[in-house]
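S.K.: So the chains spell out like this:
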Amino acid sequence: NAGVTQTPKFRILKIGQSMTLQCTQDMNHNYMYWYRQDPGMGLKLIYYSVGAGITDKGEVPNGYNVSRSTTEDFPLRLELAAPSQTSVYFCASSLDSSGNTIYFGEGSWLTVV
Amino acid sequence: GDSVTQMEGPVTLSEEAFLTINCTYTATGYPSLFWYVQYPGEGLQLLLKATKADDKGSNKGFEATYRKETTSFHLEKGSVQVSDSAVYFCALSDYNNNDMRFGAGTRLTVKP
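Chains S and D, in that order, are what the protein sequence lines are.
Residue numbering for the first sequence follows our numbering, starting at 782 and increasing by one per position.
Residue numbering for the second sequence follows our numbering, starting at 219 and increasing by one per position.
Honestly, the hints are just simulated from the structure, not real lab data.
Careful: at least some of the hints might be erroneous.
Selected chain D positions facing chain S (in silico; Cβ < 10 angstroms) [unchecked claim]:
#, residue
1, 250
2, 260
3, 261
4, 267
5, 297
6, 311
7, 330
Positions of the beta carbon are idealized from the N, C-alpha and C atoms, including for glycine.
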């Protein structure tokens, strides 16, 4: 009963380092998303994908990259980490966008120092 | 574009008090409406949903009715418990968008 699984759960990065947040889902969902949640704030969409091989920018894509080579996986890459990228990152998936429920991973707490 | 506005928090209530968290939406189509809950240190979990006008979603004593005439989806619970302390997010989704639109979240604290 895995659902959406993201790793790592916690990570500390130094300014300028790069890293990849992994996300996988086992529900055969077409849509996958990456959100960030800053302290005391709502969710902001970074990138999304409507299917394997297709990705698109959300509201706050700068400083990030994604790929979707398979239906199951949707990694998020941070290049040249900056303190402004300190946040909690949530991966999510849904069958499609027409009113279906979005399922979230447990979150990845990232601190850039 | 489509958007969701929910009442600002934080909200602090005593145990067994009545809860209302207001949510209104703007949408060009006929969206589905959702309430998600986020407990401390966890991801968002679906609390309830409604897919068309006049539908009532309910779960764990929480209810919300899809009101098209007032474009609202207010969350209510008759008697809150300490374990209901969490952040609550209103959200909408429809085929016009490729993602779900979330409100800013309302933090609820219930004191014994």
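S.K.: The structure should be examined with respect to each hint, and the outcome stated for every one.
M.R.: Each hint, compared with the structure:
Taking 10 angstroms as the C-beta contact cut-off toward chain S, the hint placing residue 250(D) at the interface holds, the least distance being around 3 angstroms. Annotation: residue 260(D) was flagged as interfacial toward chain S, and the flag holds, the nearest CB pair being 6 angstroms apart, inside 10 angstroms. Checking residue 261(D) against chain S by beta carbon gives a least distance of about 4 angstroms; that is within 10 angstroms, so the hint holds. Here the hint on residue 267(D) is kept, as its CB sits about 6 angstroms from the closest CB of chain S, short of 10 angstroms.
Restraint check, residue 297(D) versus chain S: the minimum CB separation of about 27 angstroms is more than 10 angstroms; hint violated. Contact between residue 311(D) and chain S, as hinted, is supported at the beta carbon level, the nearest pair being about 5 angstroms apart and thus within 10 angstroms. Contact between residue 330(D) and chain S, as hinted, is not supported at the beta carbon level, the nearest pair being about 24 angstroms apart and thus beyond 10 angstroms.
When each numbered hint is compared with the structure, violations occur for hints 5, 7.
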